[in-house]
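S.K.: Sequence:
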Amino acid sequence: MLRIKWVLQYLFFLNLSILLIDSIHLKGFWSTKSSKLTVISRFGFQKTDPSNLIETRGYIYGNFSQTIEKELQNDQFILTNLSENDHKGVLLLVNRTIFKQMSSIFLTRKSDLSISSPSIPDDGFCEKIFDLLSPDLDAECNQKNETDTQDFVRYVPCLNHLECRNNLLKSDPIISNHQFSYVVSSQNDPSFRYLLLLPCIKTEYGQNESLNCRWRESLIINSILSYDLWIVNGHPKIATKNLIDFNHQFSYEHENLWILLILNIGYLILLAIQALILIRRKIRKFYYILSISLFIRSLSFLLICFHAILFALNGIGISTLNSIAEIAQIISIDLLCLFLLIIAKGWCFNKPTKFSRTILPILITLHTIISILLQFWIEKTVNILEDIDQYHTIPGWISLCLRIILMFWFIYELRHTMMVEQDSDRLKFYLRFGAGILVWFVHLPLVAIVAIHVDLMWRCKIISGFTSIADFLTYSMLTRLMWKTYEKRFLLPDLDSYFNGELDYYDHSFDPTETFSFTDQSETSDKKQNTDNHLFNNNANVCEKEKIKS
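In this text, residue positions in the sequence shown follow the numbering used here: the first is 119, and each later residue adds one.
Warning: the hint list may mix true and false statements.
Claimed, not checked - In silico SDA-like links for lysine to any residue, alpha-carbon gap of 25 Å or less:
1) Lys-165 to Ser-303
2) Lys-579 to Val-565
3) Lys-498 to Ile-442
4) Lys-498 to Asp-573
5) Lys-498 to Asn-440
6) Lys-145 to His-425
7) Lys-463 to Thr-592
8) Lys-145 to Asn-181
9) Lys-579 to Thr-166
10) Lys-218 to Leu-394
11) Lys-165 to Ser-309
12) Lys-463 to Leu-520
13) Lys-579 to Ile-422
14) Lys-403 to Gly-554
15) Lys-463 to Thr-476
16) Lys-218 to Gln-305
17) Lys-218 to Ser-149
18) Lys-472 to Ile-487
19) Lys-165 to Ile-293
20) Lys-218 to Pro-308
21) Lys-498 to Ile-512
22) Lys-579 to Glu-504
23) Lys-546 to Met-600
24) Lys-151 to Thr-226
25) Lys-218 to Phe-310
These are calculated hints, taken from the structure and not from any lab test.
All chains, please: the whole structure from these sequences, using the hints.
M.R.: What follows is the structure in structure tokens.
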């Protein structure tokens with residue numbers, strides 16, 4: 119009953135994490151002198167359903183206020199009161215195509231202008247940026263009917279406790295208790311949108327609207343602005359019809375909570391089976407490597423779920439938990455590789471040498487350390503400015519090469535074991551076992567290579583989905599081998615087997631506190647056998663002499 123109660127509490131914990139997650143919450147400060155182009159976030163919005171616009175649109179809403187501003191003349195901080203036409207920059211929402219063009223302009227002119235120096239005049243950066251944009255992006259510059267366009271420019275900061283200037287169309291109401299909002303609709307397919315901040319202001323030349331749509335850089339005062347933003351898929355105030363909705367929580371490329379939930383339940387079942395095996399059956403000591411690997415793998419999923427709950431409560435979560443989960447996954451996979459190499463070496467049936475028992479854990483530990491360092495390198499390399507994922511970076515390719523090296527090592531050890539093996543049943547076992555494990559080794563490099571030609575919106579789902587499912591199936595297969603009840607159990611000891619002596623030796627060989635007495639026992643048995651042979655020969659000689667006398 120206690121186990122059933124624990125399982126139910128675990129499942130409730132997972133369901134609660136999924137029910138609560140609904141958005142990304144961004145808080146921070148921005149200075150008009152920090153950068154000409156600041157990327158706040160990249161978010162994948164889902165496809166819009168015309169029959170259910172409210173729940174399938176994307177929404178960005180929040181507050182943008184001014185805290186203090188620094189006058190360059192006397193270097194003093196003063197509070198300011200904003201007038202209706204006073205803005206220090208713009209908040210801009212663009213698609214990926216426009217963002218790439220803006221990034222190209224920004225990177226080209228970055229070396230020509232030091233943004234931190236106020237003495238350098240405006241170089242026309244803002245004008246070049248807004249020349250890329252259609253006038254339809256700004257309602258004040260749009261000559262058409264307001265209902266014919268989507269307005270994605272917001273002047274910041276907003277007036278105190280009031281809506282932002284040039285906020286929105288009348289058909290897109292403000293979210294209550296927030297100063298501005300964006301509504302992303304007319305999405306024929308899922309796509310990325312980039313939320314940007316630019317220190318650009320609109321020129322004022324009187325009543326000529328065409329002249330008023332010219333832009334220049336704000337160079338007079340260094341303004342410090344604070345923002346508090348939410349980004350969601352689906353209206354934040356309208357509950358969906360489903361009890362558990364998996365489509366409106368994260369950016370579209372990370373909507374894989376179904377896989378996360380199913381795999382958590384699956385790993386829980388595998389852990390229960392492992393516990394039964396450890397309790398009810400006599401196992402060899404190297405089998406604990408698989409048990410520890412499975413436990414660490416399950417723990418990493420628990421950390422991800424805990425991060426999801428905190429993320430749901432404040433929209434931020436604890437990014438450290440994700441980093442710990444990544445490290446835990448690396449350790450679990452390397453322990454799994456160690457277990458597989460032990461089987462490939464034939465240590466289930468043959469006694470390992472002292473050198474092999476020492477060098478194998480050392481090499482796997484070295485691989486683990488390198489993989490963890492590569493993971494930190496990947497986190498520093500991957501950014502939202504480029505359409506790359508973790509495996510399509512320099513450290514990502516290195517990690518894939520290391521995995522291929524492990525695969526060839528496994529093949530070499532398995533081939534050597536099969537060449538010296540005499541038992542036909544074992545050869546069949548090694549053949550089928552090796553084929554299955556090779557699929558697991560090679561799937562990640564193949565998926566990573568194929569994913570290069572897939573759009574980034576789907577690439578993350580494909581890679582994470584394939585790798586997570588493949589790892590789970592591998593753990594399931596190995597657990598099944600431990601659970602088999604027929605006579606030929608290759609990974610569990612057979613009490614009636616001829617090889618019990620070698621298996622008992624192998625059990626002792628992995629205990630560092632015990633000495634190896636196999637040689638001593640062999641020598642003792644050899645001496646005893648020689649003594650018996652000598653006595654037998656003496657008795658035979660005595661019998662022959664008696665026959666001769668008679």
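S.K.: It remains to establish, for every hint, whether it holds in the given structure.
M.R.: Now the hints, each set against the structure:
no.: 1; hint: Lys-165 to Ser-303; result: 8 Å, holds
no.: 2; hint: Lys-579 to Val-565; result: 11 Å, holds
no.: 3; hint: Lys-498 to Ile-442; result: 16 Å, holds
no.: 4; hint: Lys-498 to Asp-573; result: 22 Å, holds
no.: 5; hint: Lys-498 to Asn-440; result: 15 Å, holds
no.: 6; hint: Lys-145 to His-425; result: 18 Å, holds
no.: 7; hint: Lys-463 to Thr-592; result: 19 Å, holds
no.: 8; hint: Lys-145 to Asn-181; result: 10 Å, holds
no.: 9; hint: Lys-579 to Thr-166; result: 20 Å, holds
no.: 10; hint: Lys-218 to Leu-394; result: 56 Å, violated
no.: 11; hint: Lys-165 to Ser-309; result: 8 Å, holds
no.: 12; hint: Lys-463 to Leu-520; result: 19 Å, holds
no.: 13; hint: Lys-579 to Ile-422; result: 16 Å, holds
no.: 14; hint: Lys-403 to Gly-554; result: 24 Å, holds
no.: 15; hint: Lys-463 to Thr-476; result: 14 Å, holds
no.: 16; hint: Lys-218 to Gln-305; result: 19 Å, holds
no.: 17; hint: Lys-218 to Ser-149; result: 23 Å, holds
no.: 18; hint: Lys-472 to Ile-487; result: 24 Å, holds
no.: 19; hint: Lys-165 to Ile-293; result: 21 Å, holds
no.: 20; hint: Lys-218 to Pro-308; result: 18 Å, holds
no.: 21; hint: Lys-498 to Ile-512; result: 11 Å, holds
no.: 22; hint: Lys-579 to Glu-504; result: 17 Å, holds
no.: 23; hint: Lys-546 to Met-600; result: 17 Å, holds
no.: 24; hint: Lys-151 to Thr-226; result: 18 Å, holds
no.: 25; hint: Lys-218 to Phe-310; result: 12 Å, holds
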